[in-house]
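If you're matching them up, the sequences are chains X and H in order. Using the numbering used here, you'd call the opening residue of the first sequence number 38 and step up by one each time. Using the numbering used here, you'd call the opening residue of the second sequence number 880 and step up by one each time.
One or more of the hints may lead you astray.
[What the hints assert, rightly or not] If you want the footprint, here are the derived chain X segments under chain H, 3+ residues with CB under 8 Å:
#: 1; stretch: 78–89
#: 2; stretch: 121–133
#: 3; stretch: 141–149
[To be verified] Derived DSS-like pairs: lysine-lysine, alpha-carbon spacing no greater than 30 Å straight-line:
#: 4; chain 1: H; residue 1: Lys905; chain 2: X; residue 2: Lys99
#: 5; chain 1: X; residue 1: Lys99; chain 2: H; residue 2: Lys980
#: 6; chain 1: H; residue 1: Lys980; chain 2: X; residue 2: Lys48
#: 7; chain 1: H; residue 1: Lys935; chain 2: H; residue 2: Lys905
#: 8; chain 1: H; residue 1: Lys949; chain 2: H; residue 2: Lys935
#: 9; chain 1: H; residue 1: Lys980; chain 2: X; residue 2: Lys115
[As the list claims (entries may be wrong)] FRET-style restraints, in silico, Cβ to Cβ:
#: 10; chain 1: X; residue 1: Glu105; chain 2: H; residue 2: Gln888; range: 30 to 38 Å
#: 11; chain 1: X; residue 1: Ala39; chain 2: H; residue 2: Arg959; range: 39 to 47 Å
#: 12; chain 1: X; residue 1: Glu120; chain 2: H; residue 2: Arg929; range: 39 to 47 Å
#: 13; chain 1: H; residue 1: Leu940; chain 2: X; residue 2: Arg150; range: 24 to 32 Å
#: 14; chain 1: X; residue 1: Lys77; chain 2: H; residue 2: Val923; range: 18 to 26 Å
#: 15; chain 1: X; residue 1: Thr152; chain 2: H; residue 2: His936; range: 36 to 44 Å
#: 16; chain 1: H; residue 1: Ser937; chain 2: X; residue 2: Thr75; range: 28 to 36 Å
#: 17; chain 1: X; residue 1: Asp100; chain 2: H; residue 2: Lys990; range: 37 to 45 Å
Honestly, the hints are just simulated from the structure, not real lab data. Since the structure is predicted, the reported quantities are computational estimates derived from the model, not experimental observations. C-beta: ideal position from N, C-alpha, C; glycine also.
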Amino acid sequence: DARVTQTPRDKVTEMGQEVTMRCQPILGHNTVFWYRQTMKQGLELLAYFRNRAPLDDSGMPKDRFSAEMPDATLATLKIQPSEPRDSAVYFCASGPGGGGSNTGELFFGEGSRLTVL
Amino acid sequence: SQQGEEDPQALSIQEGENATMNCSYKTSINNLQWYRQNSGRGLVHLILIRSNEREKHSGRLRVTLDTSKKSSSLLITASRAADTASYFCATGPILTGGGNKLTFGTGTQLKVEL
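One chain only, chain X, in its complex shape (with noise of 0.2 Å):
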């Protein structure tokens, strides 16, 4: 059974640490999203990749936040230093793009819940 898979579940640290979460888009999936979601914003993208390649990541707050692809099974959504304002919970979503019969259908994880002291 396909599923993205999102690593920590659950995160809680100190204001200014570093904090990693990782995905695993399913396997022949070209378009790997990161959202964040919070009861006050809702749902926001925060970057997305085609083939490895980061094609926005405008939704992010540059000096703090970076989002890579290492390779086709591995996508990383860092945090440098951690403030309180980013408790949310981190979803990664992966899609089959592509054209044909590719609906633009989403696959999400479960989420990484990050809370900052």
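For this one, chain X is given, so just place chain H on it according to the hints.
Okay, now just chain H, sitting in the frame of chain X:
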């Protein structure tokens, strides 16, 4: 800002009743998608309707799209307690090479009571 806005924000119904959620969006679309999110879980794709379609069915789900009004509705018939979740509409441009850059609405929290 959110591309889609769902209405109502919250909805509480009895099991067996129908639930209708509405979504309004701002720009022209290629397709519109609906997702469900159970508490503490990730989003799950429910259904996609293309801009040239007016209505689509999938099991107990019925989606309508009115591009002239930039609105869509999701109807869940004969609701069950297991339908309790948040429901989001999502739209976005088609990316070069396929796929959508999706922006999600604010969501409707549906509670189905026994």
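Hint check results:
1. 78–89: holds (count 5)
2. 121–133: It holds, with 4 qualifying residues against the three required.
3. 141–149: holds (count 8)
4. H:Lys905 with X:Lys99: holds (27 Å)
5. X:Lys99 with H:Lys980: Given that 30 Å is the threshold and the Cα spacing comes to 20 Å, the pair holds.
6. H:Lys980 with X:Lys48: Roughly 27 Å between the alpha carbons, so the hint for lysine 980 of chain H and lysine 48 of chain X holds.
7. H:Lys935 with H:Lys905: Holds: lysine 935 of chain H and lysine 905 of chain H sit about 21 Å apart, inside 30 Å.
8. H:Lys949 with H:Lys935: Given that 30 Å is the threshold and the Cα spacing comes to 16 Å, the pair holds.
9. H:Lys980 with X:Lys115: holds (21 Å)
10. X:Glu105 with H:Gln888: 30 to 38 Å: holds (36 Å)
11. X:Ala39 with H:Arg959: 39 to 47 Å: violated (26 Å)
12. X:Glu120 with H:Arg929: 39 to 47 Å: Holds - the Cβ-Cβ distance for glutamate 120 of chain X and arginine 929 of chain H, about 41 Å, lies within 39 to 47 Å.
13. H:Leu940 with X:Arg150: 24 to 32 Å: Taking Cβ atoms as reference, leucine 940 of chain H and arginine 150 of chain X lie about 29 Å apart, which means the hint holds.
14. X:Lys77 with H:Val923: 18 to 26 Å: holds (23 Å)
15. X:Thr152 with H:His936: 36 to 44 Å: At 41 Å between Cβs, range holds.
16. H:Ser937 with X:Thr75: 28 to 36 Å: holds (30 Å)
17. X:Asp100 with H:Lys990: 37 to 45 Å: holds (40 Å)
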